[in-house]
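Read top to bottom, the protein sequences are chains A and B. Numbering follows the working numbering, with no gaps: position 110 of the first sequence is 110. Numbering follows the working numbering, with no gaps: position 33 of the second sequence is 33.
Just to be clear, a hint being listed does not mean it is correct.
With a Cα cut of at most 30 Å, we get these calculated DSSO-like pairs of lysine-lysine [unchecked claim]:
(1) A:Lys3 to B:Lys220
(2) B:Lys124 to A:Lys3
(3) A:Lys3 to B:Lys219
(4) B:Lys3 to B:Lys207
(5) B:Lys268 to B:Lys125
(6) B:Lys301 to A:Lys89
(7) B:Lys268 to A:Lys3
(8) B:Lys22 to A:Lys3
(9) B:Lys301 to B:Lys121
(10) B:Lys3 to B:Lys121
(11) B:Lys301 to B:Lys270
Here are some, though not all, of the chain A residues that point toward chain B, as calculated from beta-carbon distances under 8 Å [unchecked claim]:
(12) Leu8
(13) Ala9
(14) Val12
(15) Leu21
(16) Ile55
(17) Ser57
(18) Arg67
(19) Ser73
(20) Ala77
(21) Ile96
By construction, these hints were calculated from the structure, which means they are not laboratory data. Even glycine gets a Cβ: it sits at the ideal position worked out from N, Cα and C.
Okay, here's what each chain looks like letter by letter:
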Amino acid sequence: MRKIEIVLAIIVVFITIGTVLGVYGIERYRRSQLYDAVLTARAPENGNWYPQKIIVSYGEDIKIYIRNIDTVSHGFALPDFEVAANEIKAGDIEIIEFTANKKGTFPFMCTVWCAERHLEMRGEIIVE
Amino acid sequence: MAKDKLFGLIDINWRFELTRFKLIRSLFKSRWFPLTIILVNLFLFVIILLAGLLGGFSPGNFNFGVMMVWILWWVLLMFVLVPVFSRIWCMMCPFPIFGDWIQRRRLLMVAEGKLGGLNKKWPKKLRNMWVMNIGFLMTTFFSGFFTIKPLATFILLGSIILIAFLLGIIFEKRSFCLYVCPVSGFQGLYSQFSTAEIRRKNFDICKKHKPKTCFVGDKKGYGCPWLVTPFSFKKNTYCGMCLECFKSCPYDNMAFNIRPPGVDLLVKEKRGLDEAWKSFIMLGIAIVFFMTMQGPWGFLKDMVRMTTWQGWLTFISAHSLISLVVMPGIFLLFSYFSRLLSGNKEISVRNIFINFSYTLIPMGLGVWIAFSFGIILPNGSYILHILSDPFGWGWNLIGTAGFPWTPIWTNLMGYFQGATLVIFYLFSVAYGYRISKQTYPKTEEAIRGWIPILCFLTLIVIVFLWLYLG
Numbered sequence: 001m002r003k004i005e006i007v008l009a010i011i012v013v014f015i016t017i018g019t020v021l022g023v024y025g026i027e028r029y030r031r032s033q034l035y036d037a038v039l040t041a042r043a044p045e046n047g048n049w050y051p052q053k054i055i056v057s058y059g060e061d062i063k064i065y066i067r068n069i070d071t072v073s074h075g076f077a078l079p080d081f082e083v084a085a086n087e088i089k090a091g092d093i094e095i096i097e098f099t100a101n102k103k104g105t106f107p108f109m110c111t112v113w114c115a116e117r118h119l120e121m122r123g124e125i126i127v128e
Numbered sequence: 001m002a003k004d005k006l007f008g009l010i011d012i013n014w015r016f017e018l019t020r021f022k023l024i025r026s027l028f029k030s031r032w033f034p035l036t037i038i039l040v041n042l043f044l045f046v047i048i049l050l051a052g053l054l055g056g057f058s059p060g061n062f063n064f065g066v067m068m069v070w071i072l073w074w075v076l077l078m079f080v081l082v083p084v085f086s087r088i089w090c091m092m093c094p095f096p097i098f099g100d101w102i103q104r105r106r107l108l109m110v111a112e113g114k115l116g117g118l119n120k121k122w123p124k125k126l127r128n129m130w131v132m133n134i135g136f137l138m139t140t141f142f143s144g145f146f147t148i149k150p151l152a153t154f155i156l157l158g159s160i161i162l163i164a165f166l167l168g169i170i171f172e173k174r175s176f177c178l179y180v181c182p183v184s185g186f187q188g189l190y191s192q193f194s195t196a197e198i199r200r201k202n203f204d205i206c207k208k209h210k211p212k213t214c215f216v217g218d219k220k221g222y223g224c225p226w227l228v229t230p231f232s233f234k235k236n237t238y239c240g241m242c243l244e245c246f247k248s249c250p251y252d253n254m255a256f257n258i259r260p261p262g263v264d265l266l267v268k269e270k271r272g273l274d275e276a277w278k279s280f281i282m283l284g285i286a287i288v289f290f291m292t293m294q295g296p297w298g299f300l301k302d303m304v305r306m307t308t309w310q311g312w313l314t315f316i317s318a319h320s321l322i323s324l325v326v327m328p329g330i331f332l333l334f335s336y337f338s339r340l341l342s343g344n345k346e347i348s349v350r351n352i353f354i355n356f357s358y359t360l361i362p363m364g365l366g367v368w369i370a371f372s373f374g375i376i377l378p379n380g381s382y383i384l385h386i387l388s389d390p391f392g393w394g395w396n397l398i399g400t401a402g403f404p405w406t407p408i409w410t411n412l413m414g415y416f417q418g419a420t421l422v423i424f425y426l427f428s429v430a431y432g433y434r435i436s437k438q439t440y441p442k443t444e445e446a447i448r449g450w451i452p453i454l455c456f457l458t459l460i461v462i463v464f465l466w467l468y469l470g
């Protein structure tokens, strides 16, 4: 009977901690295989872009996964590489692709009026 | 003696025992049931909590936590679980599993000797619904956040689970479930209307059986964790359907019955002001929830969502006043008129107030079922999305992540709500008159005394019809 209790205890640990670790692990692996960077869009009042600096390697094909966790729409533009996303609605995801064919620091910004401090919603992509 | 038939159709004393079927009885006697379902729900709630935490301030309609709790689970509770199966959610609720584990030092088998934890007795003065009443009311102060911000759902559920665990260590058995859990309060109240019950079968068997293992426990089952006496209890209010009594009874003398709806309302024992106030609180919350969530008044939504502190404080003050003072106050007036009209001056207004408050139970349940139509029909389609993409990470587990928002039968919603309100109003009327005959000794007093209460019920249903149907 003790064996059953031990097995059940392991099941409970698996269901609780195991699920959390499993979900994080799967998503981390998925993103590492699919994307070079994960960008969270939030209005400046709620924390701004996260991260605000993204470092990528020169010459690589870059995929950025943008997730809007706000309750308003955001946009995205990286003018120096001529890439942009239209409106990213609240809760939605957008994938941006470009080739990092020049070195330097390049600004990206939100292109949909989202909040009072919308103009502060900026970040940098550093190609080195 | 003539049978008392509800609406002239169903004998109020009719019961159909489901556990007469060997398969169901075996299931109920197995220690694996309901543990297996509890573990499944534990997994679901881990996902809910994780989605809530990860969802942060993102929109609730794309969040597994918000959608599963406030759309699916809530609607299931109101539509099916409580009105049909009484407190069956409590049977499979994962919240107390860790507290139970500490107490029993076991997940499955029955431990011998004293239970673990401090095993303190819950304070006598609080062995009622008052803590749950105030707790549930205070929870609704933040209703503007729970259904919108996943993090708010995480904080609420996480707090409940933590409190359940801590109280499970400190107090005996399921004290948390009995006296604190916010879900427990309305389940206990509305389960009195339910079409299911657990009761002992043969009184003589219980009378001769010593010790009463359904209450003290034996090798096969724990003594009732809900601190009720399975051999004698008469109302669903505090029976959490944990099924321990099925396992611990050596005579198979416990039964799971299907029965006509509302029969517990006629049980005179243990009627109290706490349950009366719970009825008013639930009605008051229904009015406020409808006005703030489904009504056209934008300024109310701003108040609920704490756009300004002043607005929110006004909201919680008005909300508390309606539920705790205004509605009971109006009902008190009608109770007073009931006594006046009955001509009987010997029965206290207090007794009249308490007894007739139970007529609000069917009405209240109907109000909440009607409200739930307004939740599920416009928003139910989001559930397909979140089943595929529970964390808003771009997953597509079952291929429905792109399923568009699709309101269902919203053009008929008013009819569903109206019909529900009327049906449950009729149940209130049916039981109300019976309660009047219990309250007043003479039939003519009961008829006269019933009229003001009937007027109150009619007023309430008109108010809700106006609110819901416009």
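Taking the hints in turn, this is what the structure says about them:
At roughly 18 Å between alpha-carbon atoms, A:Lys3 and B:Lys220 fall within 30 Å of each other, so this suggested pair holds. Taking the CA atoms of B:Lys124 and A:Lys3, the gap is near 40 Å; set against the 30 Å cutoff, the hint is violated. Between A:Lys3 and B:Lys219, the direct Cα distance comes to roughly 18 Å. Compliance with the 30 Å bound is thereby established for this hinted pair. For a cut-off of 30 Å, the pair hint linking B:Lys3 to B:Lys207 stands: about 27 Å separates their Cα positions.
Proposed proximity of B:Lys268 and B:Lys125 is supported: the alpha carbons are some 21 Å apart, at most 30 Å. Between B:Lys301 and A:Lys89 the CA atoms are separated by roughly 22 Å; this keeps the pair inside 30 Å, and the hint holds. The hinted pair formed by B:Lys268 and A:Lys3 fails the criterion: a straight-line CA distance of about 48 Å is larger than 30 Å. Between the alpha carbons of B:Lys22 and A:Lys3 the distance comes to roughly 29 Å, so the proposed pair stays at or under 30 Å and holds.
The suggested pairing of B:Lys301 with B:Lys121 is violated, with an alpha-carbon distance near 42 Å, which exceeds 30 Å. Between the alpha carbons of B:Lys3 and B:Lys121 the distance comes to roughly 43 Å, so the proposed pair goes past 30 Å and is violated. Simply put, B:Lys301 and B:Lys270 have alpha-carbon atoms about 39 Å apart, too far for the 30 Å limit, and the pair is violated. The restraint placing A:Leu8 at the interface with chain B holds, with a minimum CB-CB distance near 4 Å, inside the 8 Å limit.
Interface hint at A:Ala9: satisfied, since its Cβ lies 7 Å from the closest Cβ of chain B, which is below the 8 Å cut-off. Of the supplied interface hints, the one on A:Val12 holds, with its beta-carbon coming within about 7 Å of a beta-carbon of chain B, less than 8 Å. The beta carbon of A:Leu21 is not positioned within 8 Å of any beta carbon in chain B (closest approach about 11 Å), and the interface hint is therefore violated. Taking 8 Å as the C-beta contact cut-off toward chain B, the hint placing A:Ile55 at the interface is violated, the least distance being around 23 Å.
Against a cut-off of 8 Å between C-beta atoms, the interface hint on A:Ser57 is violated, since the closest Cβ of chain B lies about 24 Å away. Because the closest C-beta pair between A:Arg67 and chain B is about 7 Å apart, less than 8 Å, the hint holds. For A:Ser73, the shortest C-beta to C-beta distance to chain B is roughly 11 Å, which exceeds 8 Å, and the interface hint is violated. Because the closest C-beta pair between A:Ala77 and chain B is about 21 Å apart, greater than 8 Å, the hint is violated.
Violation of the interface hint for A:Ile96 is found here, the shortest Cβ-Cβ separation to chain B being roughly 13 Å, above the 8 Å cut-off.
Figure legend: structure checked against the earlier numbered hints; hints not met, in rising order: 2, 7, 9, 10, 11, 15, 16, 17, 19, 20, 21.
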